[in-house]
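S.K.: In order, the protein sequence lines correspond to chains A and B.
Residues in the first sequence are numbered consecutively from 0, following numbering that gives the first Met the number 0.
Residues in the second sequence are numbered consecutively from 0, following numbering that gives the first Met the number 0.
Worth flagging that the hints you see were computed from the coordinates, not collected in a lab.
Computed from a prediction, not measured in an experiment: that's the story for all the values here.
Do not rely on the hints blindly, as some may be mistaken.
[To be verified] Per the computed footprint, the stretches of chain A lying under chain B, defined by three or more beta-carbons under 8 Å from a beta-carbon of chain B, are:
hint: 1; stretch: 7 to 15
hint: 2; stretch: 21 to 33
hint: 3; stretch: 37 to 50
hint: 4; stretch: 58 to 67
Think of the CB as a built atom: it goes at the ideal place given N, C-alpha and C, for glycine as much as any other residue.
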Amino acid sequence: MSLANRMALASEHVRALTVEANEFPELSRQFGVSGVPRTVINRSGAFVGALPEAQFVETALTLAGVDLDQAPDGA
Amino acid sequence: MAILSEGVREQLRARFAERLSGPVQLTLYTRPGSGRLILPSGFGCPTCEEARELAEELRDAAPEKVSLEVVDVTATPTPGVSDVPTLRVWAPGGDPRMAWQGLPGGFEFATVVDAMERVSAADPGLSEQTLAWLGRVDQDLEVMVFATPT
């Protein structure tokens with residue numbers, strides 16, 4: 000299972016959508032797909048390539064504006 | 000005609016017998032009968048029929064654990080589904096947060112099978128660090144992945 004799907008399974012706030020790029024060329028063009036896998040966060044920021052788990056999640060959450068440096072308890 | 004070969008279906012039955020613990024819901028959104036339509040608007044759905052057959056074969060590999068609902072988007076309001084075919088994999092009673100748009104063939108078929116197993120076990124298989132990071136997500140987040148079958 001892709002990391003996007005694992006994120007969705009782990010967090011009620013995350014939704015994962017895998018798009019077959021060849022089947023939806025208009026959507027692919029809309030999001031600038033020239034290579035796969037291309038991951039688009041909140042239909043805005045994006046990155047290309049299959050990244051290791053930590054790097055994938057850190058990049059995705061950073062693009063989403065999640066503060067990863069914040070202490071877990073908010074202190 | 001079956002999408003999966005008999006050999007693959009047998010492997011799938013054996014794999015699901017071993018790895019599926021809890022129930023899994025598949026929901027497939029299609030536009031039946033539109034496979035041969037060729038319209039500038041893109042209304043036709045050339046892979047909807049194949050997607051339905053594939054979803055049925057996934058269900059038939061473990062019918063005691065896997066439920067399949069096929070939804071005709073021309074007859075039923077389907078919020079959150081922008082195009083067809085779209086397949087959702089989720090735990091019954093839960094929130095469907097994983098979807099595949101387009102026929103999930105090749106490598107993506109393997110990701111669907113793995114997703115079914117992880118949903119069944121309610122195990123995302125992520126590290127403690129990743130789970131801690133995800134715990135800081137407090138707003139809706141969409142992760143869209145463009146992929147190809149190979």
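S.K.: Against this structure, judge whether each hint is valid.
M.R.: We went through each hint and held it up to the structure:
1. Given as covered by chain B, the stretch 7 to 15 of chain A passes the check, having 9 residues with a CB less than 8 Å from a CB of that chain where 3 are the minimum.
2. With 8 residues bearing a CB less than 8 Å from a CB of chain B, the stretch 21 to 33 of chain A meets the requirement of three and the coverage assertion stands.
3. Counting residues of the stretch 37 to 50 of chain A whose C-beta sits closer than 8 Å to any C-beta of chain B gives 6, which meets the bar of three, so the coverage hint holds.
4. Only residues whose C-beta sits within less than 8 Å of a C-beta in chain B count toward coverage, and the stretch 58 to 67 of chain A has 6 of them, enough to reach three; the restraint holds.
In this structure, none of the earlier numbered hints is contradicted; all agree with it.
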